[in-house]
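With the sequences and hints as input, model every part of the structure.
In terms of the working numbering, the sequence shown opens at residue 1 and continues consecutively.
One thing to keep in mind: the hints can contain errors.
[As the list claims (entries may be wrong)] With a straight-line Cα cutoff of 20 Å, these simulated DMTMM-like cross-link-like pairs (lysine to aspartate or glutamate) come out:
1. Lys51 / Glu18
2. Lys51 / Glu17
3. Lys51 / Asp83
[Said to hold, decoys possible] Derived Cβ-Cβ restraints for the label pairs, each shown as a range:
4. Phe38 / Gly67: 29 to 37 Å
5. Thr6 / Arg28: 31 to 39 Å
6. Glu57 / Asp31: 38 to 46 Å
Simulated from the structure, these hints should not be mistaken for lab results.
These numbers were taken from a predicted model, which means no experiment stands behind them.
Glycine is no exception: its CB is placed at the ideal position from the N, C-alpha and C atoms.
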Amino acid sequence: MTAALTETTRELLAKVEELGPRFRARQRELDTTSTFPFEAFREATEAGFHKLTIPVEYGGYGYWRPGNFSGYYRILERLAYWDTN
1 MTAALTETTR ELLAKVEELG PRFRARQREL DTTSTFPFEA FREATEAGFH
51 KLTIPVEYGG YGYWRPGNFS GYYRILERLA YWDTN
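Encoded structure:
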C-alpha cells in the first residue's frame, strides 16, 4: 500500500526534480577536484530542504513525526537519486 502524497510533499518533490539535474551536472567536477558541494547546499537550503524535520510550529515541514515518515523518505530518495555525493 502506498501512502498518498500531501500537497507539501508534491511541491518539495517538484523542487527536487528542478534542482536534481544541476546537482548531477556538477558531480564529476566535485569528485575530480575533491571539492565540497557548497553550491548544492546553498540551493537545497534556498529550496527549504534544511527544514524537513523541523516541527511545523517552528517554521519547518514537520517530517519525521508520527504519520509523516513516508513523505520524508520519498524526498530523501529523490535527492539521493540526483546527488550521490
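For this session: If any of the earlier hints don't hold here, list their numbers in rising order.
Result: none
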